[in-house]
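S.K.: As a plain string of letters, each chain reads:
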Amino acid sequence: MLPTFSRRPTDIAPSEITPRDVFERRRDFLGAAAGVALGTALSPLSAAFASEKPLAGIKSPLSTPEKLTHLKDVTSYNNFYEFGTDKADPALHAHTLKTRPWTLSIEGLVKQPKTFAIDDIFKLAPLEERIYRLRCVEGWSMVIPWLGLPLATLLKSVEPLGSAKYVEFISAADPKTMPGVNRSVIDWPYLEGLRLDEAMHPLTLLSLGLYGEVLPNQNGAPLRLVVPWKYGFKSGKSLVKIRLVEKQPQTAWMKANPREYGFYSNVNPEVEHPRWSQATERRIGEFLKRKTLPFNGYADQVAQLYAGMDLKINF
Amino acid sequence: MDWRIAQTPGKRSIVLLKIALFACCLIPLLRLAWGAWNDTLGANPIEFITRSLGSWALNFLLITLSVTPLRKFTGWHWLMQLRRMLGLYAFFYATLHLSTYLWLDKFFDWQEIAKDILKRPFITIGMSAFALLLPLALTSPQAMVRRLGGKRWQRLHRLIYVIAICAVVHYWWLVKLDVSLPAIYSVLLCLLLGIRLLWADPERRGAVSGNLKPAQE
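Chains P and R, in that order, are what the protein sequence lines are.
All residue numbers for the first sequence refer to numbering that gives the first Met the number 0, where the first residue is 0 and numbers rise by one.
All residue numbers for the second sequence refer to numbering that gives the first Met the number 0, where the first residue is 0 and numbers rise by one.
Worth flagging that the hints you see were computed from the coordinates, not collected in a lab.
A virtual CB, placed ideally from N, CA and C, is assigned to each residue, including glycine.
Careful, some of the hints might be misleading.
[To be verified] Reference excerpt, derived from the structure (chain P facing chain R, CB under 8 Å, subset only):
1) V184
2) A255
3) R274
4) I283
[Stated by the list, open to error] Here are the simulated DSSO-like cross-link-like pairs (lysine-lysine), alpha carbons at most 27 Å apart as the crow flies:
5) K288/P / K114/R
6) K113/P / K155/P
7) K114/R / K311/P
8) K105/R / K288/P
9) K175/P / K175/R
10) K118/R / K288/P
[What the hints assert, rightly or not] Computed list of chain R residues with no C-beta within reach of chain P, every gap over 10 Å:
11) G9
12) C23
13) S54
14) W77
15) L117
Modelling step: build the complete structure from the supplied sequences, incorporating the hints.
M.R.: In structure tokens form, the structure reads like this:
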């Protein structure tokens, strides 16, 4: 018998196939859908698709008009240590991740602790398309059209208590489906945290997709955080738990190397990483390097969150 | 033993061997060129090229360092005739590696480069390794061996031990978190240097330090 490397045509249900002309017109489709609660309308469908599941979102005024990074680069150059420490690893190994069933529980200092099934999160609010810059602490950047909803929408639905000051994000750490977790490079599970006002900021996105599709596994499926004014590692992937707490939480990178990675980790060209400068970055796909902008270019929206703080100390 | 038959290839065979080796040592570079041309080096080709060139500089340092142990194990003394080329390839890949940093990372911003060298230990030590490699490359021709005298030449070229250590530390210090690859290189280097310590007979060591004395006076 011949080995088959691609799925035989009979494996693909007719319902899975998006007609080519529809697929190619999906941008116009997104535009036309503005104002319609499309997320809700599409969510029952999204669960049925096995791969490359189309997903639509309303265009957002918070999007940047910059040129998008190629989908191929967005999905093949990832830091997702749960699948290996090489940036090519996640694309190679993340197919083992099972994103259904999946739940996200929100607990801690909230009035209504809740466990959401992933499909209910899709229905929580109309999805938006947010085109954000992503700046990695390693000195490269991308522009990615995310699909998702403001994290604030989710947090408000569980009613944070007045005593909640910080939000802790806990990623999945399943050694069976995430081979990298078997190596102790990081103290698993991956932990991240934000101050509550950062978490509630309108730019902070809970992402469920990118490039008009459900999140590929290597990008943090089925749901991840996107905090565009902070270095990429602040945006936890494949989240399973969100906890509202009173004290500043420990994060995975602070535990791994507190001298190099701080709690805030705001993009800042003036505060260098102890081992390299953060003044410039290479936008993936470009030859020359760009100057890195304070707060990754989102200073107008977020700088006031840090008024009066010494950002060199609070790095 | 059978393999001893291959002990002393003729002059012609050595020339052919050298040509073949010369071509083989270019494969890593050709692979990069091919990948760059066909766009198969991933999302960040410049990073890929820089890292690959650095890895090959280190590989060639270790390969060069394994010539002597290999010769002693096999009795193939002719291997020594290939060592210069391997060492020069280490220098070649190190030069390309450094060039990608100066050009594609810093775009010849000398002020930034100077700051990097002074402030960032992994760059300081990488630059040191290259600076030490330079006199070895310059004194590699046979004429320079004669001019320096075998003993002095040999003593100078022992710098390769220091260079290899610097290169491995450079790699170790630049890694973000996962040090498994630098750790493998460290083990290999320890083996290659350790074996020399075992082999160094006390008499010869005495002779070497005896030679050092007049130079210090």
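S.K.: A separate judgement is required for each hint: does it hold in the structure or not?
M.R.: Hints, verified against the model:
1. V184: holds, 5 Å
2. A255: Result: holds, 6 Å to nearest chain R Cβ.
3. R274: For R274/P, the interface hint holds, since the closest Cβ of chain R sits about 6 Å away, which is under 8 Å.
4. I283: Holds. Min distance 5 Å.
5. K288/P / K114/R: This hinted pair holds, its Cα atoms lying about 18 Å apart.
6. K113/P / K155/P: Judged against 27 Å, a Cα distance of about 12 Å means the pair holds.
7. K114/R / K311/P: holds, 19 Å
8. K105/R / K288/P: holds, 9 Å
9. K175/P / K175/R: Satisfied, since the Cα-Cα distance of roughly 25 Å is no more than 27 Å.
10. K118/R / K288/P: At roughly 21 Å apart (the allowed maximum being 27 Å), K288/P and K118/R satisfy the hint.
11. G9: holds, 46 Å
12. C23: holds, 26 Å
13. S54: Non-interface label stands for S54/R: nearest chain P Cβ at 13 Å, farther than 10 Å.
14. W77: holds, 39 Å
15. L117: With a cut-off of 10 Å, L117/R remains clear of chain P, as the shortest Cβ separation is near 12 Å.
Consistency with the previously given hints is maintained throughout, with no hint failing.
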